[in-house]
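Please take these sequences and the hints and turn them into a complete structure.
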Amino acid sequence: MAYQGVDYYHLDELLSDEEKLVRDSVRDWVSERVIPVIDQHFRDATFPGELIPEMAELGLFGPTLPEEFGGAEIGDVAYGLAMQELERGDSGMRSFASVQSALVMYPIYTWGSEEQKRTLLPKLARAEIIGAFGLTEPDYGSDPGSMITTAKKVDGGYLLNGAKMWITNSTIADLHVVWAKLDGRVEGFLVEKGAKGLSAPETKGKWSLRASVTGEIILQDVFVPEEMRLPEAHGLKCPLMCLNQARYGIAWGVIGAAQACYDSSLNYSLTREQWGGPIARHQMIQDKLVEMMSEITKAQLLVWRLGKMKEAGTSTFRQVSLAKRNNCRMALETSRVARDIHGANGIADEYPIMRHMMNLESVYTYEGTHTMHTLIVGSDITGIDAYK
Amino acid sequence: MNIAVLVKLVPDTAAQIRLNSDHSWIETRDLNWVLSPYDEYAAEEALKTAEAQGGEVTAITYGSDASAEALRKALAMGAHKAVHVKKDGFTDLLGTANALANVLKDGGFDLIFAGYKATDDDCAAIGQMVATLLDIPCITEVNKLEVGDGTLTANREIEGGHEVVEAPLPCVITAQKGLNEPRYPSLKGIMMAKKKPIDVVEADDVAPRVETVSMGYPPERPAGKIVGEGVEAVPELVRLLREEARVID
Ligand SMILES: Cc1cc2nc3c(=O)[nH]c(=O)nc-3n(C[C@H](O)[C@H](O)[C@H](O)COP(=O)(O)OP(=O)(O)OC[C@H]3O[C@@H](n4cnc5c(N)ncnc54)[C@H](O)[C@@H]3O)c2cc1C
Chain A
1 MAYQGVDYYH LDELLSDEEK LVRDSVRDWV SERVIPVIDQ HFRDATFPGE
51 LIPEMAELGL FGPTLPEEFG GAEIGDVAYG LAMQELERGD SGMRSFASVQ
101 SALVMYPIYT WGSEEQKRTL LPKLARAEII GAFGLTEPDY GSDPGSMITT
151 AKKVDGGYLL NGAKMWITNS TIADLHVVWA KLDGRVEGFL VEKGAKGLSA
201 PETKGKWSLR ASVTGEIILQ DVFVPEEMRL PEAHGLKCPL MCLNQARYGI
251 AWGVIGAAQA CYDSSLNYSL TREQWGGPIA RHQMIQDKLV EMMSEITKAQ
301 LLVWRLGKMK EAGTSTFRQV SLAKRNNCRM ALETSRVARD IHGANGIADE
351 YPIMRHMMNL ESVYTYEGTH TMHTLIVGSD ITGIDAYK
Chain B
1 MNIAVLVKLV PDTAAQIRLN SDHSWIETRD LNWVLSPYDE YAAEEALKTA
51 EAQGGEVTAI TYGSDASAEA LRKALAMGAH KAVHVKKDGF TDLLGTANAL
101 ANVLKDGGFD LIFAGYKATD DDCAAIGQMV ATLLDIPCIT EVNKLEVGDG
151 TLTANREIEG GHEVVEAPLP CVITAQKGLN EPRYPSLKGI MMAKKKPIDV
201 VEADDVAPRV ETVSMGYPPE RPAGKIVGEG VEAVPELVRL LREEARVID
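Protein chains in written order, with my numbering: chain A, 1 to 388; chain B, 1 to 249.
Don't read these hints as lab results, they were simulated from the structure. Careful, some of the hints might be misleading.
[What the hints assert, rightly or not] Just some of the chain B residues that point at chain A, by a computed CB distance under 10 Å:
id: 1; residue: ASP12
id: 2; residue: ALA15
id: 3; residue: ALA76
id: 4; residue: HIS80
id: 5; residue: PRO185
[Claimed, not checked] Only pairs whose alpha carbons sit at most 25 Å apart, straight line, appear in this in silico SDA-like list of lysine to any residue:
id: 6; chain 1: B; residue 1: LYS86; chain 2: A; residue 2: ASP17
id: 7; chain 1: B; residue 1: LYS81; chain 2: A; residue 2: ASP17
id: 8; chain 1: B; residue 1: LYS194; chain 2: A; residue 2: ARG126
id: 9; chain 1: A; residue 1: LYS298; chain 2: B; residue 2: ARG29
id: 10; chain 1: B; residue 1: LYS87; chain 2: A; residue 2: ASP17
id: 11; chain 1: B; residue 1: LYS105; chain 2: B; residue 2: GLY54
id: 12; chain 1: B; residue 1: LYS196; chain 2: A; residue 2: GLY75
id: 13; chain 1: B; residue 1: LYS194; chain 2: A; residue 2: ALA56
id: 14; chain 1: B; residue 1: LYS48; chain 2: A; residue 2: ALA56
id: 15; chain 1: A; residue 1: LYS20; chain 2: B; residue 2: LYS86
Every residue, glycine too, gets a C-beta built ideally from N, C-alpha and C.
Here it is in structure tokens:
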């Protein structure tokens, strides 16, 4: 039976024809191209790089941007649906698209020079160049404002020094968006692969997002010419605005992972027999299935509404925090219940459960941990900052 | 080159089909609709041919308002424009073929593609009927195609082998699996499709001469058969597999 997704509340009726076509096209591609190969990549801890040109062909990189920069001008809801379908395959696939679109193309589009936009964005859209986003440092994760990577003005450009850690795609990136302090203020720099003093070693030994490469960005007196600085990006709010874009996609994406876990759980409980019949006939299994499905339905409504507000330009970063927080926890819990329903099979790679569950541990943490999003929304409703 | 592709919206091939209460038709509520898979091959081949030879692809469908979704899918794949031959209610095959031929005859098409059958009614007839009505050749169940200058060469799978066929243009080609790998509509293609024109023409109101009287479910699968035990049973098993089940040669 072809995968259909969860639509208990007929949310399809809220979607336009284009939104459904986007979802279905990415869904079919994921079913036919990603799912058959993803387990092997996960086992080998490799990213399915062979799929990058196909992703570009589909238009998954920077799809909300104007056509002149290689985008497809799709709306935020359609973008969210594309992320949902990618993450139904694997969080690593969605991460790749998120980084390229929300963390690399978005800052260039928003704060780049005309020249940077014209030359870099179409190439990034076609994935002729792959990007990475360097904000997190070994000692500064949730508190990026205290970063110690620095930029120093020199003749014709800047010298960058410091180290970034936990950077998705750093080892394969042609272009790193690096955030560093210039005279104490956070600024954005575009560092090209091969720059003298730049290295990007891989972070090995991950038990999560194994089908996505993660590494460091080490900068030792790396020279960045003046024209490769993002001229309009000043202050910590810029990388945070990038994260806000990516978090929006994550809030949709994790629904895909949750749906994959639910779909597998429903099928499994209808076919797995114990005590002379399918386990789905036991009340406690039904309770679990209904809980998963009902949480997925709520999460869908949350992001649909958020998407509409984002399209209207009225959503706030705090509302994005609420959705990222809620949906990541929902997906992680769904995967854990799914693991339980599958019994011993729940730990086997014949089923996608454990892979999604391990992935979601990262997704719960990156782009602002669950706790940090609690504190963001908490500060909003009480008026009291609790994170410092 | 001026190319047409005939497309149809059908229930998802993986869907569990249920009948309506009086068993006069299938229950269409809650069904997921897709472009008929063989029409996807037809559309892909039409696009590939247009890309290689230059020219335009017009997607054409016949049916109610809802069936226009087939056109949007073909446009999203890359077809340049579309015609919706509108008709509500039931028509028979000849009625459908007539309506399509009426649109095609003035279009000046060099090539007309269609799926060799639609996966809902399995009739495998429209391509041939349209060709007959237009008085042009038709090559069915094509799994390889080369279009030259004014002629084409097609490969057809036949029982126990294959056949190579040549025909002059214009010609109708019905697509079989294996003809190509249909592309996924790109996000850009989907957004561009919105801006492409869909011409709506009303189909003539012709009374169908064939009527669907009732529909039914397939019979329950018969229980398995035990032909014997041990080595002695093998020859009989092989005979049945060959002659009845016809799964081995
Ligand atoms: C697979 C993966 C890929 C990543 N990709 C990227 C990337 O591409 N680019 C990039 O820049 N970063 C990336 N990251 C880094 C990620 O964004 C950080 O890991 C995240 O921001 C958390 O930082 P940290 O790991 O330093 O945790 P810490 O900040 O050290 O947090 C540790 C714990 O303390 C809690 N905590 C922190 N502050 C408070 C507080 N005020 N009150 C209460 N609790 C608190 C946290 O919630 C958490 O539970 C990636 C991470 C992973 C795992």
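Status of each hint after checking the structure:
1. ASP12: holds, 6 Å
2. ALA15: holds, 8 Å
3. ALA76: holds, 5 Å
4. HIS80: Check failed: Cβ of HIS80 of chain B comes no nearer than 17 Å to chain A, outside 10 Å.
5. PRO185: At 5 Å from the nearest chain A Cβ, PRO185 of chain B passes the 10 Å test, so the hint holds.
6. B:LYS86 x A:ASP17: holds, 19 Å
7. B:LYS81 x A:ASP17: OK: LYS81 of chain B and ASP17 of chain A at ~17 Å, within 25 Å.
8. B:LYS194 x A:ARG126: Measuring from Cα to Cα gives roughly 23 Å; hence the hint holds.
9. A:LYS298 x B:ARG29: holds, 24 Å
10. B:LYS87 x A:ASP17: holds, 21 Å
11. B:LYS105 x B:GLY54: holds, 21 Å
12. B:LYS196 x A:GLY75: Holds, at roughly 19 Å.
13. B:LYS194 x A:ALA56: Within the cut-off at roughly 21 Å; holds.
14. B:LYS48 x A:ALA56: holds, 19 Å
15. A:LYS20 x B:LYS86: holds, 23 Å
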